[in-house]
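Be aware that the sequence shown starts at 19, since it is given in my numbering, and climbs by one per residue.
In short, the hints are calculated from the structure, not lab data.
Heads up, the beta-carbon is just placed ideally off N, CA and C, and yes, glycines get one too.
Restraint-style ranges between C-beta atoms, simulated for each label pair:
| no. | residue 1 | residue 2 | range |
| --- | --- | --- | --- |
| 1 | 64 | 179 | 35 to 43 Å |
| 2 | 113 | 60 | 19 to 27 Å |
| 3 | 122 | 59 | 29 to 37 Å |
| 4 | 160 | 124 | 20 to 28 Å |
| 5 | 148 | 111 | 38 to 46 Å |
| 6 | 158 | 59 | 33 to 41 Å |
| 7 | 44 | 138 | 46 to 54 Å |
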Amino acid sequence: TFQWAQPWLIAQFAFGMAAAALVFPKHTPQRFLKLDRIALRIAQHPLTLLLLLAAVYKVGLFKRVPPTFLCGSITVCIILHVMTATWLGKRIVRFFESRFCLWLGVISYSLYLLHTPIQMLFQRAIEPYHFPASMRFAMLLLIATPLSLLGGMLGYRLFEQPFIRRGKPTGEPIE
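Work out the full structure: start from the sequences and follow the hints.
So this is what it looks like as structure tokens:
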């Protein structure tokens, strides 16, 4: 088999290119426009997202299609909703423009660097207690995730901000 080559990534690239063609139709050859409109309607239908989410859940149980492929497909559908301002897309944009999401964006690099060590230390700390898997997951979600967010925020404030401030001319506001 060609499993090692991860052929679904080629399909994922094709989906991304199809999404670009759907959002920017002036660059699409005339003969594909009708097919593009049909594909756009399918991709924008909320039922498509629900079916893809259900497929991700089922794949987690049966491992027939790589979850990354399905998650990428869901992402393409969401991007299409956002780019074409559907009812769902407007709500997604509103969510991503929320104060919490903007804050996550600001601390994202520090969060990226620190979340794995924090969560690994937490897992090592609770390992001797032999909690069931569901309890460990709940503890990771409810305790380690906020600790990771705190670590990301502190990393941003203590390390990133001073370097950002040093690189900017005086008088320029810091985000």
